[in-house]
Every structure is written in structure tokens, then in C-alpha cells.
Amino acid sequence: MEEFTPKLVGARVKRREDQRLLTGQGAYVDDHHPPGLLHAAFLRSPYAHARMTQLDTSAARTREGVVAVLTGKDLVSLVKPVRAVSKMREYKETSFPPLAVDKVRYVGEALAVVIAENRYLAEDAIEWIRVEYDPLPTVANERDAAQPDAPVLHDEAGSNVLLSREFARGDVDAALAGAAVRVRDRFRFRRHATVCMENRGCLADYRAGTGELTLRSATQCPGLLRDVLADLLDMPEHYIRVVAADVGGGFGAKSSLYPEEIVLCAVARLLKRPVKWISDRQEDLKTSTQAWDEIVDAELGLQADGTIIGLRADVTTDIGAYSIYPWTATVEPIQTISFLSGPYRMPHYRGRNRGVATCKAPMGPYRGVGRPITTFVLESLMDRAARRLALDPAELRLKNYIRADEFPYKTPSGLVWDQASLTECMQKARDVLDSDATAQWRVQARAAGRWVGVGFATYIELTGVGSAIPVSPGMPIATGTEAAFLRVDPAGTVIATFSVAPQGQGHETALAQVVADALGVSFGSVRVICGDTALAPQGTGTYASRSAVLAGGAAIRAGQALKEKALKIAGHMMESNPADLDIRDGQVFLRDKPERRLPFRDVAKTAYAGLRRLPKDMEPGLEVTRFYDPFFGTASSATHAAVVEVDTETYAVTIKRYIVVEDCGRIINPLIVDGQVRGGVAQGIGAALYEEVVYDDEGQLLTGSLMDYLVPTASELLPIEVHHIETPSPTTLGGFRGMGEGGTIGAPAAIANAVSDALAHLGIEINEIPMTPEKLFRLVRAAGADGR
Amino acid sequence: MSEPNEHSQARPVTLRVNGTEHRGQVEPRKLLVDFLREDLGLTGSHVGCEHGICGACTILINGEAARSCLMLAVQADGAELMTVEGLAPQSGGPPALPGKTGQLHPLQTAFWEHHGLQCGFCTPGMLMTAYDLLQTNAAPSEAEIRAGLSAVLCRCTGYQGIVEAVQAAAETLRAGEEDQ
Ligand code: FES
Ligand code: FES
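So the sequences go chain by chain: A and B.
The numbers in numbering that gives the first Met the number 0 rise by one with no breaks, and the one at position 47 of the first sequence is 46.
The numbers in numbering that gives the first Met the number 0 rise by one with no breaks, and the one at position 30 of the second sequence is 29.
Simulated from the structure, these hints should not be mistaken for laboratory data.
Do not rely on the hints blindly, as some may be mistaken.
[Unchecked claim] Partner residues aside, some chain B positions facing chain A, computed with beta carbon under 10 Å:
(1) GLN24
(2) ASP131
(3) ARG145
(4) TYR158
Being a predicted model, the structure only gives us computed values, none of them experimental.
Backbone N, C-alpha and C fix where the C-beta goes; we use that ideal spot for every residue, glycine too.
Could you put together the complete structure from these sequences and hints?
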């Protein structure tokens with residue numbers, strides 16, 4: 000295959016999707032109002048754990064505007080139950096009914112749905128459903144859940160421990176026994192909510208005439224939904240179309256199958272009318288997948304010179320009430336023990352985990368999956384080790400990074416890092432920070448009684464994962480390929496359709512850049528369409544930092560295949576050897592004699608003009624479909640640096656500088672890449688300092704509104720300084736690496752290290768996020784300091 | 000048997016939106032944002048929380064920024080409203096062809112140039128809030144912009160592109176005033 004020569008790729012092209020979004024012409028799910036539209040509202044459990052002894056919908060059915068009321072029992076005959084299957088050993092498969100049957104397991108679980116002429120009436124009728132509950136003891140947290148006498152959430156599993164796994168290399172116990180220095184701590188990431196600004200929602204429409212079901216959903220994974228819905232509804236896949244047009248943020252929370260999507264499809268098919276459900280914010284906070292809620296006990300051993308010799312860790316993850324489809328409850332805990340060895344040479348390692356079910360909203364993937372906490376744990380231990388050994392934390396890292404000549408490097412959990420720029424990222428971060436000047440400032444500020452600190456965090460992550468490993472362990476669905484469907488119309492416009500489905504990542508622009516370069520046409524002549532399974536039937540969606548790698552690779556392959564055919568046609572038209580021709584800026588030209596040229600448009604027209612105008616035996620038309628599977632996937636890496644100050648009166652943390660130096664391979668569009676990094680860091684800052692989902696001991700959600708769950712505003716954030724080391728991936732087509740999650744991966748760790756540095760004189764080392772003023776106050780008090 | 004619904008007594012409402020007068024019959028309990036989106040088809044104003052925090056529903060009511068989720072449509076009777084659809088000199092026309100720009104307000108142009116949006120869901124509320132800010136403060140500092148925009152949540156951008164865009168738009172608008 001021909002080398003890929005970037006031209007538009009790498010350019011700061013303004014986004015094409017912005018025009019409609021800036022003028023209020025976006026097409027989010029809620030913007031659709033097909034004729035005859037009905038509206039759904041769900042009755043949700045006020046109890047964390049209860050048996051339903053009575054569920055009477057008769058009064059609700061008679062209310063004004065009500066068309067139907069359905070319960071879990073009504074659905075049993077309409078859809079199969081969802082089973083989050085995994086082939087992983089030590090994983091217990093459980094059911095997640097779309098509407099609860101007999102028993103509810105978390106506050107907010109849907110148990111009935113009202114379909115009415117408008118949403119106001121549907122919500123009115125909800126009040127008329129009578130439910131009697133027999134409350135069961137609440138399984139409030141991971142500690143209670145794992146007790147032998149704990150009430151069991153899923154009888155079929157027999158225990159609340161739904162999964163456990165171990166990855167090991169070498170003999171970590173022996174290695175740590177011989178370590179000159181050992182540092183250990185119990186680290187904790189509190190429960191986190193994604194908070195996409197667009198709440199979840201969907202609209203199902205069934206056409207009895209054709210038997211076609213269309214689901215518009217605020218989802219990241221239309222292809223994946225189509226496949227599972229076909230199974231659950233027992234319909235052929237090609238009769239189901241899932242469309243995700245404009246989607247208002249996803250970050251992982253919109254990548255799973257949700258009960259409401261199933262219910263709406265079943266109801267639309269039953270009633271043969273379109274039905275819409277749009278979550279309100281409270282429902283979204285109660286029912287969208289939540290993240291993290293993990294405890295990691297970890298210990299790192301080093302030699303006296305700072306060389307790492309081993310790491311052992313035990314991880315407990317509160318997976319909430321249900322294992323979600325398709326990722327299952329393993330998604331976060333397994334990635335945690337997979338990634339814990341980090342960017343360092345790690346001769347001895349053991350990571351064990353357990354995932355336990357509690358009465359909380361299901362845990363699911365969130366930006367960074369497993370990597371934010373592993374980076375936090377390992378990078379915190381590195382700083383503790385540096386303090387013990389009186390070494391510079393950056394030097395300690397430089398000493399232990401996997402070296403350039405050690406790639407490809409196989410990690411203790413079996414992942415393969417193809418290549419990364421660990422040393423370069425750290426060195427550049429130190430340069431940008433101006434380490435010496437910063438160190439001097441720190442000394443002066445501290446002398447003046449201020450609590451200031453600097454923290455680093457380095458991570459390496461696997462992106463663009465191909466078919467060698469499933470995105471989530473033991474998962475039966477294929478996540479290793481994506482396709483590009485390219486069609487040139489007779490006027491020379493390229494319509495490029497992809498099965499990936501963005502929620503703000505700018506695919507319509509970035510993928511157009513790739514296609515245009517691969518084919519040699521202008522940016523303006525490529526139109527990209529994403530997120531519609533009728534147009535791009537094969538593929539799953541946008542998640543796990545995969546789209547640039549997988550869809551980008553497919554775009555290159557498809558573009559080059561189209562180019563090959565176009566050159567054959569052009570050769571015939573120009574009476575030249577196709578091998579002597581090339582395409583640039585929409586012109587086919589003779590390489591040796593560029594003035595001999597032909598507009599690409601004329602070639603496109605000829606392609607459809609019939610055999611008489613085409614080379615002998617050539618099939619008319621100009622379109623191709625190409626798939627791409629990067630097989631292993633490729634590493635992305637970065638070093639983050641944070642400079643913080645902790646207010647000695649209020650204990651509020653202010654971030655004074657935030658620097659990211661990252662290597663995401665060949666950059667398709669720097670504008671988009673920088674935006675992704677900054678947005679990711681913003682979410683990481685929120686996690687580090689403000690955000691926490693809180694349930695009380697009865698399993699009631701205390702953070703059910705945006706007044707209680709604090710998302711950072713413009714006032715809390717600062718300009719993020721983003722720098723790049725651009726090393727094309729040696730293993731992916733085009734050299735692209737994934738990067739959508741990285742910002743969130745590095746930020747909690749870098750900020751925690753900076754806060755620990757600021758409070759080091761008090762003997763305080765951060766081991767938990769969020770670092771709220773209240774928590775810092777308690778730590779300072781416990782350390783016996785009064786704040787001055 | 001349906002019972003008579005006390006909510007269904009629709010009341011007449013007359014209001015001007017983006018310079019056009021609209022008359023409608025609306026239930027007293029209907030939120031203004033639902034009226035705009037469902038009855039008038041102006042789906043640019045978004046609903047992100049319905050409890051006055053996210054700011055996605057921000058529009059101008061009689062020239063001032065307000066949350067259309069915290070108001071009933073009947074309360075806006077007689078008011079003059081402006082939504083994101085009214086920001087550009089002529090929007091709502093056929094979608095612009097790739098590479099061709101329709102008319103945009105300087106704020107919209109600046110958001111485009113400075114990557115002030117990703118998913119675009121917060122964008123209408125953000126634009127209207129910024130418009131309101133620049134009406135009262137033609138040359139805001141970065142801190143003033145951040146404080147002004149803190150009324151609207153964005154989960155995608157980290158606000159950096161948005162803040163830069165508002166700074167740039169303020170300059171463009173000031174330059175435009177000086178020209179006149
Ligand atoms: S929808 Fe009005 S402020 Fe959130
Ligand atoms: S651009 Fe997505 S919320 Fe602001």
C-alpha cells in the first residue's frame with residue numbers, strides 16, 4: 000500500500016459541524032417531533048432495595064391523555080431480559096430487566112412506564128400508579144456488600160461479589176521483602192457522575208408497513224445498540240435502524256445499553272406510534288452509569304537507588320446494582336489491574352480485584368476507564384518514594400520509564416505498548432514549567448507562609464484497540480474493527496460514511512481531512528456522515544479513544560482504494576499509464592507533466608457513464624467499503640504538571656498552572672486535539688477537587704441535582720497549557736493514536752501530587768479525591784497543624 | 000373515563016420572538032422553554048436541567064438574559080424574546096454548504112474560530128449569556144468573562160475556547176462600533 004502523505008491532516012481546520020450547532024440548528028434527539036409522537040415517563044423506585052408486593056396501574060390508565068401503562072411483567076413477553084455476558088472466569092452473569100420485576104435494587108430503578116400524548120400528562124399519570132413495597136436491607140457500600148451475611152442483591156449470583164481476577168508477573172512478595180524502600184497506602188476514588196450537558200434520551204418509531212424500527216438515541220454506540228436490540232426484540236438486524244445525530248456529550252456514560260432504550264422500542268412496536276423519552280437531570284443523575292468508587296491498597300518497592308522492583312495491589316470496586324451491557328461490571332476493575340504497572344519497568348507485579356454489587360446506580364465506563372485511578376495510585380506512590388529517598392520526583396520517574404529501546408514492551412497484565420515518548424514528554428514538561436524558576440518561586444512562597452506545591456503525573460494508555468483483545472474482558476462482541484463507506488457521486492463529491500458516532504469530537508471535520516488526503520481531493524468536496532446504522536451498517540461506535548485510529552485507518556484504506564480506481568479511469572481518459580498519474584487538490588495530473596490534468600469531477604462522471612467510456616472489463620461506479628483492524632492498538636502517553644496553592648484559611652485549592660505534554664501520534668487536527676485535551680483536563684480537575692456522588696446509608700442519592708453535584712464552571716478553571724510530542728504510531732495506519740480520554744487520566748494524579756507537595760511540611764499525603772476544602776481541613780487538623 | 004384536567008385550560012399568549020410575533024394557546028403550567036421548542040419549533044434553546052443551574056436554556060427576555068426553564072410561557076405574555084436562532088442576521092435558511100459560511104454574529108464566528116464548542120449542547124445558552132455580558136460590558140477582562148459565563152455549564156471544552164472567543168468577539172464588536 001502507498002504511503003499516506005498528510006496535507007490537510009495536521010492542519011488547524013475549523014470544524015464543519017459548528018455552523019449548525021452555533022445557529023441552533025443541531026439535531027439532538029429532543030429536537031425531533033414526528034407526527035403522532037407520544038411521550039414516555041418512568042415510575043422509579045424510591046427504595047434502594049425492596050420487593051414489590053403490589054403494582055397497580057389501573058387508575059393511571061384512565062388519566063387524561065394516557066395511551067398505555069406498562070410494567071416489568073408486561074414487558075416479559077415483548078423483550079428478552081438483558082444479560083451482561085462475559086467469558087471471563089470468576090465473573091457471575093446477572094440479568095438487568097428493562098423494568099424491574101418483583102424486586103428493585105437501587106433508587107431510581109424504573110419499574111413502570113406511562114405513555115401519553117405529552118410529557119406533562121405522562122408525568123401526571125405516574126402519580127396514579129400504586130406500588131406497595133416490602134423494603135429489604137440496603138447494601139450501602141462495598142464493605143457491607145462483601146460481608147458473608149450481607150443481603151444478596153442478585154439471588155442468581157449467590158453473592159454480591161460479582162467478579163474477581165488477578166494479574167501477576169514474577170514473585171512480588173519476595174521482591175518487596177527485599178526492597179530497600181517500600182511505600183504503601185490505601186487510595187480512594189469516590190463515586191463520580193459523568194454529567195453530559197444533554198441528558199440521556201431516545202425516540203423510537205416503528206413503521207408497521209415496512210416493519211422497520213428506528214431508534215434515535217443520545218448514544219455513543221448506534222451499531223452496538225442495533226445488534227443487541229435485534230436480539231432482545233427478536234427482529235432481523237437490518238429492520239432496526241439506530242441513529243445518533245447530534246449528541247450532547249458522552250464521555251462513556253452513553254456507551255451502554257439502557258433500560259429506557261429497550262422499553263421505548265418495545266412500546267413503539269406495540270403501539271405502532273413514535274414514542275419519545277427525555278430524561279430530566281434528576282433521572283440522569285440517578286440512572287446514568289456512574290464511575291469509579293474504588294479502593295486500592297497498593298505497595299511499591301524500590302531499590303536504594305530508586306529503581307522500581309515491584310508493585311502489589313488489591314482493588315475493590317463498587318459496581319452498583321447491575322452489570323451493564325455490553326461492558327459488564329468488569330470494565331473498570333479489570334482495567335484498573337491491567338494498567339496499574341504504568342509507564343515503568345515493572346519486573347514483579349500482582350494486581351487483584353473484586354467487584355461488588357451495592358444498591359447504587361450501575362457503574363459503567365467513564366473517560367479514562369481504570370487509568371485515572373491507576374495513574375493516581377502509582378504516581379502518588381512514586382512521589383512518596385521520592386520523598387523517602389530524597390530524590391527529585393521527576394528524576395525518579397525518568398530513571399524508571401520504559402526506555403525507548405525496550406518497545407514493544409509487554410506489561411505484567413499482557414498488554415503491549417508499541418512505542419511511547421515518556422522521557423521526551425517529561426523533559427518537555429519540565430522545560431515548559433521552567434523547573435528551576437518554579438522551584439525558586441516555591442521556596443519564596445513557602446517562606447512567606449503559603450502552601451504551594453508542584454506535582455507531576457505520567458501515564459501510558461492503550462488506544463485504538465483492535466481485535467487482539469476485547470475492549471472489556473471476555474466480552475462477546477467485536478470491538479476491533481471499524482469501516483469507512485466511501486461513495487463518489489457523479490459530480491465528484493465524496494460522501495464518506497462511518498459507523499463511529501461522535502458526541503463533540505469533530506469527526507465530520509477530522510475524518511474529512513483524512514479522506515481528502517487519502518484521495519487527493521479538497522476538504523470541501525468530502526462530506527462525512529456518522530452515527531446512522533442504515534448508512535453505515537458495520538461497526539459499533541465512538542468510545543475507548545478509538546475513532547481516530549480505527550475510522551481514520553479505514554478512511555485511509557478506502558480513500559486509497561478509490562484513488563486507485565479513479566486513476567485507472569483517468570488513465571483511460573488521458574491515454575496514460577495510471578501509475579504515472581496522481582491526484583491533488585481535486586485534479587488528476589501526469590506526475591512528469593503536471594500541466595496535463597483532468598478535474599477529478601470528470602473522472603467521477605465518467606465512472607458512472609457506462610462501459611463504453613471505461614477501461615475494458617471495469618465495473619462502473621466509484622464507491623468502496625473498507626475495514627480496518629489495528630489488531631493490538633497503540634499506546635498514547637503524556638506527562639501532566641500542576642502548580643497549586645492551598646488557601647491556609649479556607650483550604651480551597653487553586654490551580655495556578657496546568658501543563659500537558661502528550662504524544663498522540665500524528666495529529667489530524669490540532670484545534671480538535673487541544674480541545675479534547677483541555678476538556679479532559681477540565682473533567683479531571685472537577686474530579687480532583689469538586690465532584691462526588693453521595694449516597695446515604697439507606698441508599699438515597701444525596702447529589703440528585705446540579706446544586707449538589709458540582710461541575711466546574713468557567714470561574715473554577717484556568718487556561719490549560721498543551722504541548723505535543725508528535726511521534727507517529729509505528730503500528731497504526733496513518734500513525735494516529737487515540738487521545739480523547741488522556742486529559743482526564745492525568746489530572747487527578749498531577750493535582751493530588753501538587754497538593755501533597757504543598758502540604759508535605761505537615762506530613763500530609765493525599766490518598767483520596769475529591770480534595771474538598773472540608774477534607775483538607777480534616778487532614779490538616781489531624782496532622783496537628785492549625786492552618787498556619 | 001378521562002377526568003377533566005385542571006391544567007388543560009389553555010390561555011392565549013402573544014409574544015415576539017426574534018422580531019416575529021407569535022400567538023398561541025398554551026396551558027398555564029407549560030414552561031417557556033417547552034413552548035419555544037415544541038409550539039414554535041425553536042429547538043435551539045436546550046434543556047439541560049430544568050432547575051436553573053445549567054444555563055442551556057438561556058434566552059433574552061426584554062433584552063436581558065433569563066432561564067427559559069424557570070419561567071412559564073404565560074408569564075412571557077407580551078414580552079420580546081431573543082433566542083439563538085435570532086442571533087445571526089439571517090439564520091434558519093438552507094444549511095450552509097461545506098466551506099460556505101452563512102451570515103454569523105461576531106460571537107458565533109469567534110466561537111467557530113476559537114473552538115468554543117464541542118458537542119454544542121451548551122452553546123446556545125453560552126452564546127446568549129455572552130451576548131448579554133457584552134451588552135453591559137463591552138470590554139470585559141478574562142476574569143469578568145469567566146464570572147459572566149459561570150452561569151452556563153459546559154462539560155466538553157474546559158471553557159478555554161469559549162473565553163477566548165468572547166474576548167475576540169468583544170474586540171470585533173468594539174471595532175465595529177468605532178467604524179460607525
Ligand atoms: S435547563 Fe434551564 S438552567 Fe438548565
Ligand atoms: S460543548 Fe458540550 S457542553 Fe459545551
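Evaluated hints:
Interface restraint check for B:GLN24: the shortest CB-CB distance to chain A comes to about 14 Å, outside 10 Å, so the restraint is violated. Of the supplied interface hints, the one on B:ASP131 is violated, with its beta-carbon coming no nearer than about 15 Å to a beta-carbon of chain A, more than 10 Å. The restraint placing B:ARG145 at the interface with chain A holds, with a minimum CB-CB distance near 4 Å, inside the 10 Å limit. A distance limit of 10 Å between C-beta atoms decides the matter here; for B:TYR158 the minimum to chain A is near 4 Å, and the interface restraint holds.
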